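Enquirer: Spelled out, the chains give:
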Amino acid sequence: MDLLTLTPAGLYCSQADFYVDPWQPVARAVVTHAHGDHLTPGSGAYLVARPGAELARARLPEGTSVDGAAYGERRSLNGVQLSLHPAGHILGSAQVRIEYRGEVWVVSGDYKLEPDRTCAPFETLRCHGFVTECTFGLPVYRWLPQTEVFDSINSWWRDNQARGRATLLLGYALGKAQRLLAGLDATIGPICTHGAMDRMTGLYREAGVPLPETIPVSSLPARHDWTRTIILAPPGAEATPWARRFGDAATGFASGWMQVRGNRRRQALDRGFALSDHVDWPGLLATIEATGATTVWATHGFTAPLVRFLTERGLEARAISTRYEGEREEPVES
Amino acid sequence: MRRFARLYHELDSSNATGDKVAALVSYFREAAPADAAWAVVFLTGRRPRRAVSATLLRSWAAEEAGVADWLFEECYHQVGDLAETITLLLPAEGSSDEDRPLSWWVEQRLLRLGELEIGAQRTTLLETWRALDARERFVWNKLITGGFRVGASARLVIRALAQASGIPEETIAHRLAGAWEPTEAWYRALVDPDAVNAGTSRPYPFFLAYQLDLPLADLGDPAEWLAEWKWDGIRAQVVRRGGDTWIWSRGEELLRGRFPELEEAASLLPDGTVLDGEILPWRDGAPLPFALLQRRITRKTVTAQVRQQCPVVLMSYDLLEHEGTDVRLRPLAERRDQLAALLGTGRGDGRLLLSAPVDGADWPAIEAERARARERSAEGLMLKRLSSPYGVGRRRGDWWKWKIDPYSVDAVLLYAQPGHGRRAGLFTDYTFGVWDGDHLVSFAKAYSGLTDEEIRRVDAFVRANTIERFGPVRAVEPRLVFELAFEGIQASPRHKSGIAVRFPRMARWRTDKPAEEADSIETLRSLLENVRRET
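Protein chains in written order, with this note's numbering: chain E, 3 to 336; chain V, 946 to 1480.
Worth flagging that the hints you see were computed from the coordinates, not collected in a lab. Some hints here could point you the wrong way.
[Unchecked claim] Beta-carbon label-pair distances, calculated as ranges:
| hint | chain 1 | residue 1 | chain 2 | residue 2 | range |
| --- | --- | --- | --- | --- | --- |
| 1 | E | L146 | V | I1412 | 25 to 31 Å |
| 2 | E | L146 | V | A1162 | 58 to 64 Å |
| 3 | E | G294 | V | R994 | 49 to 55 Å |
[To be verified] Okay, the calculated bits of chain V under chain E, using three or more residues with CB under 8 Å as the criterion:
| hint | region |
| --- | --- |
| 4 | 949-962 |
| 5 | 1014-1020 |
| 6 | 1023-1034 |
Because the structure is a prediction, the values reported are computed rather than measured. A virtual CB, placed ideally from N, CA and C, is assigned to each residue, including glycine.
Work the whole structure out from these sequences, hints included.
Expert: Below, the structure written as structure tokens:
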């Protein structure tokens, strides 16, 4: 019998009776991270990595049972060894390692390889079967070193200041926003945040992640002079009445999708910064090789090209259909 | 090349017109004239022919990137732009520290590519990719693949050139009209305030009218307006300078030798005269069918027999240059008086006619005249404000076209697929688009209206200019413009354009129009608004 099976509720380990990132309520859920497409409310009990426990609790209904396991801590469930390991995606993100009678499977969740000051770095795990995301599973997605991306964000902010324009930088409220904060040069000017980000940012600070000072936009008068300020907001906020107070602001979006010019131009953004919390194509191939896995299941993203590519190289690869979205292509309210 | 790549990046990094103009101005101030000349070529949408086939380009790029052909195609589908796909896939940035000028890349590399054997083309491309950094590579790939659109319209480029040189926009626009070679000397003359309009053959930029989309009452007093027939011919300028004559079409193509009878008639005009008018097939005081004229312009030589079968006249609408002076900014009424005086002295030779005003005491009377347009083989009326200058490009307000059939737009051929039955094997079923900002959005399919000869020519174009295939459907270079006529228009959320038209057909192949001058989605929207207002 297979250690993991795909059921209508999600990936299931029948030997130990738990689901990984189920999208329907189940009795026991092991969850890789707190993004909405991986963390579905309504299950009886949740197990997450301890650094992400508060984020998960904040996004689940009050009273939900959430247990936090330290990275690497082994739990034994009916002969199955279960442990969580850093995925480098956001604070508390984890890969799920499942071992039974010498067979090892790893479910990656979302992950990236680049170091990130807001979370523990990705850990490579040897395994027989690897369930991997492939949000950016095409060779056009090769990230530049993040220092270059942050340099261009900071110099864009300076240029906007020099032109007397406010800087509106869009990014997801959980994970991307805090990574951006950690990479901004706070000596340039004040950093303001949209209300949707404040709660998550507070939880990062409580977890001990050092972040620069931020000022909630809502705490400032409407007629405030914004021209020296960078404002972080979730995608979609730029098209709302909320954003009108910033006047003729320059608008940028930090997302892996910004690698492709057409995505940016369709949304009439001034700047796109290809900064992603997902692994790029070279990283994806390197990771698959490093795991030593002979069986690879590709979940969300460009699964078909990856499966074909791996199959041509002699791996047993298939695409499995999940509800995970990875990074959304268009800015939406989140 | 680095400076030009930076300009491209700056134009691409802002949606604010002011930022774009500022970036252009500083480029034109800093760039060497030889480079600036080529920059003007590319930024205004003129470009050399594509020298390397897209198929070869793809396979070389895939090879250099170490990516299988199928994976390259997957990437292309995701990115949607060949130049960008190649840029994103190529390995690490080039290593050369040498920064050669744009003019060198164009003249020594780009223009010579076409003459090379395939093997040498491949070597040149690989060497180039290996020498350039990511931004330069992207610009270079854009230059070889053609589609050089960067969200800066020709109008912005003209504005920037005017600011950088201190010369009025109208003068720059005039100097950019017609044919020229992008040399260093040409660019120096373009931005030289003291240069006399060097190219003596040069036409003025055509002034174009909008489709009337507001109630007549909003135009005010009819006495302030000139109404004249809108004729179905070839819009043209006749330039008479220095004892020579040039005839230019709307697409700024020189029609030299095509209409010898008009050149003969124009030789009677005084030097320093430019007329704007319509070339019409004409006999016994009335126009002949337009198709006759189309047949005539496809002939290489104009025999006496052709002249006899399809005699032409220039129906003169306007006078742009009088006694060597640019009179475009004078009021229309004054220009028309001078035009009438000029042609009234017998100088027209019966071939240069004056477009007669259509008189009406009030708007209802003028509207009644318009209803008789078909009897006169006219397309409708033109309404021009008598105080108006002769502007540049298409502007709202002073000039309106008021066709009998309100439902007609100029659209660009985007996709073609083979027909059935008698037309099997020929690309006869077409999808057309109009401009939405700087890209084309498809809005209608049409199958009918072309002659067999025209179908054969479009078919050959499709085969030679395919940029992508989706099963039987070919995406083609957006270059051919057709006038589409249709019976009705309505909003439709199912269509990408948001608009559906009824019974579209090709009324005419606009060989005189470049794709840039096709209509925009706004034209369709205003037609739709009219329908709503009327019902």
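Enquirer: If you look at each residue in the region 949-962 of chain V, do at least three have a Cβ nearer than 8 Å to any Cβ of chain E?
Expert: Contact hint for the region 949-962 of chain V vs chain E: holds, 5 residues under 8 Å.
Enquirer: Using a Cβ cutoff of 8 Å, are there at least 3 residues of the region 1014-1020 of chain V near chain E, or does the coverage claim fail?
Expert: Coverage by chain E holds here, the residue count being 4 at a Cβ distance below 8 Å.
Enquirer: Please check whether the region 1023-1034 of chain V has three or more residues whose CB lies within less than 8 Å of a CB on chain E.
Expert: holds (count 8)
Enquirer: Between L146 of chain E and I1412 of chain V, does the C-beta distance stay in 25 to 31 Å?
Expert: 29 Å, holds
Enquirer: Is 58 to 64 Å a correct range for the gap between the Cβ atoms of L146 of chain E and A1162 of chain V?
Expert: 60 Å, holds
Enquirer: Given the range 49 to 55 Å, decide if the beta-carbon distance of G294 of chain E to R994 of chain V lies inside it.
Expert: 52 Å, holds
Of the numbered hints given earlier, the model fails none.
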